[in-house]
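Quick note on numbering: this note's numbering labels position 326 of the sequence shown as 350, and the sequence is numbered without any gaps.
Source of the hints: derived by calculation from the structure; they are not laboratory data.
There could be a bad hint or two in this list.
As the list claims (entries may be wrong) - Cβ pair distances, simulated, as ranges:
| hint | residue 1 | residue 2 | range |
| --- | --- | --- | --- |
| 1 | Pro-320 | Ala-180 | 21 to 29 Å |
| 2 | Ala-212 | Thr-237 | 33 to 41 Å |
| 3 | Asp-112 | Ala-235 | 41 to 49 Å |
| 4 | Leu-289 | Asp-112 | 19 to 27 Å |
Stated by the list, open to error - Computed list of lysine to any residue pairs in SDA-like fashion (alpha-carbon distance at most 25 Å, straight line):
| hint | residue 1 | residue 2 |
| --- | --- | --- |
| 5 | Lys-71 | Pro-291 |
| 6 | Lys-267 | Pro-193 |
| 7 | Lys-107 | Asn-96 |
| 8 | Lys-335 | Val-105 |
| 9 | Lys-99 | Lys-136 |
| 10 | Lys-214 | Phe-238 |
| 11 | Lys-275 | Gly-134 |
| 12 | Lys-211 | Asn-117 |
| 13 | Lys-349 | His-323 |
| 14 | Lys-99 | Ala-180 |
| 15 | Lys-140 | Lys-349 |
| 16 | Lys-267 | Asn-249 |
| 17 | Lys-214 | Trp-302 |
| 18 | Lys-349 | Asn-96 |
| 19 | Lys-184 | Lys-214 |
| 20 | Lys-136 | Ala-180 |
| 21 | Lys-214 | Glu-139 |
| 22 | Lys-211 | Pro-68 |
| 23 | Lys-335 | Arg-303 |
| 24 | Lys-275 | Asp-350 |
| 25 | Lys-184 | Asn-252 |
| 26 | Lys-211 | Thr-114 |
| 27 | Lys-214 | Gln-197 |
| 28 | Lys-184 | Gly-305 |
| 29 | Lys-184 | Phe-152 |
| 30 | Lys-99 | Gln-135 |
| 31 | Lys-211 | Arg-303 |
| 32 | Lys-275 | Lys-211 |
| 33 | Lys-213 | Asp-231 |
Glycine included, each C-beta is placed from N, C-alpha and C at the ideal position.
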Amino acid sequence: MTEIIIVLLLALLIFLIYSTIKVRFSSFVDPGKPAFANDSETEPEVKHLYNHVHYLTEQIGSRSVYEYEKINAAKNYLETVLKDLGFDYTLQNYQYQGNTFSNIIVTIPGQKAPEKIFIIGAHYDTVFNTPGADDNASAVAVLLELCRLLMGYQPAKTLKLIFFVLEEPPAFQSKYMGSYVYAKTAKAKKEDIFGMISLEMLGYYHDTKGAQTFPLPLMGFFYSNVPNFIGVVGNLKSRRLVKQVADSIKKGSSILVEYLAAVRLVPGIDLSDHAPFWRMGYPAVMITDTAFYRNPNYHTVTDTIDTLDFKKMAELLKGIVQVVKDQTST
């Protein structure tokens, strides 16, 4: 009986590994020219990213559902930045535990096919009593800077940049997640969403060999064990989008990229705002530094601004700009 169990477990492990779509990362990809930025903007972008994270983590601090004034302060900050950039936005409000919470939606209408919608989003809440620098101020900062770089952009297809509320517990994986509220409404309205990206923890990198861990044991044979890359992950239905996003990031920046499309049984693959879009039948991926598979500060008081690599974040931003161009310009 023991031998049978071992064989079955090995078979399951092999199935999970071979259900993935894998392309090796490359440190020799020609980054090309970013779509809306140039090299002279790199340092200002680093500064802007730092300032956003500093305000969210140091000026406001923990931004959880249990700290309504603070999560509202984060919302107000995002609105202020968007207004200063000249963007119109809408609020998708809903009720949870007696309070009103809001998704903040920036819509850049498509000029040729406005009915086709591409979404990039990041959640702006945190776990209770944590500063949430990597989780998820890093992604919010990147999304804000993406807005800045897209000022004046006229896509062929509609682009929506969404700051989601309530990704973290206790709303996590419930109908009260901001991303679930949006995805469910979009499905009911029959929105033609051809792709969605969740930005989830984008700032933690270092060059210590062996410090990158994985959800399955054998994955270490196929992926880099040095936590200096960005990951792009999705389910099998989204495998085409996974590859497209990873290729665009490589084309638009010099950051190392690993990517994976796999069955949902792989632990951690569905732990962000892309999962509700899967539930509604939309292709969606997560861009991430892999969270707790490399960052020991995950969901703790030590998730602070001094642990982030803002130069890497600025480099990734270039790649995400390229993603936008490749997905929406034609």
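Results for each hint:
1. Hint check: Pro-320 to Ala-180, Cβ distance near 43 Å, so the stated range 21 to 29 Å is violated.
2. Take Ala-212 and Thr-237: their Cβ atoms lie about 39 Å apart, and the range 33 to 41 Å holds.
3. For Asp-112 and Ala-235, the hinted distance range of 41 to 49 Å is satisfied, since their beta carbons lie about 43 Å from each other.
4. Checked against the hint of 19 to 27 Å, the C-beta distance between Leu-289 and Asp-112 comes to roughly 41 Å, which is inconsistent with it.
5. Only pairs whose Cα atoms come within 25 Å are accepted, and Lys-71 paired with Pro-291 is rejected, the gap being roughly 35 Å.
6. Taken as a hint, the Lys-267 and Pro-193 pair is broken in the structure, with Cα atoms around 30 Å apart against an allowance of 25 Å.
7. Between Lys-107 and Asn-96 the CA atoms are separated by roughly 16 Å; this keeps the pair inside 25 Å, and the hint holds.
8. Only pairs whose Cα atoms come within 25 Å are accepted, and Lys-335 paired with Val-105 is accepted, the gap being roughly 21 Å.
9. For the proposed pair Lys-99 and Lys-136, the alpha carbon gap of about 32 Å is over 25 Å, so the pair is violated.
10. Restraint check for Lys-214 and Phe-238: not satisfied, since their Cα atoms lie roughly 37 Å apart, outside the 25 Å limit.
11. Distance hint between Lys-275 and Gly-134 is fulfilled; the C-alpha atoms sit about 23 Å from each other, no more than 25 Å.
12. For the suggested pair Lys-211 and Asn-117, the alpha carbons sit about 17 Å apart, so the restraint of at most 25 Å is met.
13. For the given pair, Lys-349 sits about 33 Å from His-323 by alpha-carbon distance, which is inconsistent with the 25 Å threshold.
14. Pair hint Lys-99 plus Ala-180 does not hold up; C-alpha atoms about 29 Å apart against a cutoff of 25 Å.
15. The suggested pairing of Lys-140 with Lys-349 holds, with an alpha-carbon distance near 14 Å, which does not exceed 25 Å.
16. Proposed proximity of Lys-267 and Asn-249 is supported: the alpha carbons are some 21 Å apart, at most 25 Å.
17. Between Lys-214 and Trp-302 the alpha-carbon distance is near 15 Å, which keeps this suggested pair within the 25 Å criterion.
18. With a C-alpha separation of about 32 Å, the suggested pair Lys-349 and Asn-96 falls outside the 25 Å cut-off, and the hint is violated.
19. Simply put, Lys-184 and Lys-214 have alpha-carbon atoms about 16 Å apart, close enough for the 25 Å limit, and the pair holds.
20. Restraint check: the Cα-Cα separation between Lys-136 and Ala-180 comes to about 5 Å, which is no more than 25 Å; the hinted pair holds.
21. Of the pairs offered as hints, the one joining Lys-214 and Glu-139 holds, with about 10 Å between alpha carbons and a cut-off of 25 Å not exceeded.
22. Pair hint Lys-211 plus Pro-68 does not hold up; C-alpha atoms about 39 Å apart against a cutoff of 25 Å.
23. With a C-alpha separation of about 35 Å, the suggested pair Lys-335 and Arg-303 falls outside the 25 Å cut-off, and the hint is violated.
24. A distance of roughly 10 Å separates the Cα atoms of Lys-275 and Asp-350; the hinted pair therefore holds under the 25 Å criterion.
25. Of the pairs offered as hints, the one joining Lys-184 and Asn-252 is violated, with about 29 Å between alpha carbons and a cut-off of 25 Å exceeded.
26. A hinted pair counts as satisfied when its Cα atoms are at most 25 Å apart, and Lys-211 with Thr-114 qualifies at roughly 18 Å.
27. About 22 Å separates the Cα atoms of Lys-214 and Gln-197, which keeps this hinted pair within 25 Å; it holds.
28. Taking the CA atoms of Lys-184 and Gly-305, the gap is about 18 Å. The hint holds against a cut of 25 Å.
29. Restraint check for Lys-184 and Phe-152: not satisfied, since their Cα atoms lie roughly 28 Å apart, outside the 25 Å limit.
30. A C-alpha spacing of about 29 Å is found between Lys-99 and Gln-135, which places the hinted pair above 25 Å, so the restraint is violated.
31. Restraint check: the Cα-Cα separation between Lys-211 and Arg-303 comes to about 10 Å, which is no more than 25 Å; the hinted pair holds.
32. With a C-alpha separation of about 32 Å, the suggested pairing of Lys-275 with Lys-211 is violated against the 25 Å cut-off.
33. A distance of roughly 46 Å separates the Cα atoms of Lys-213 and Asp-231; the hinted pair therefore is violated under the 25 Å criterion.
When held up to the earlier numbered hints, the structure conflicts with 1, 4, 5, 6, 9, 10, 13, 14, 18, 22, 23, 25, 29, 30, 32 and 33 and fits the remainder.
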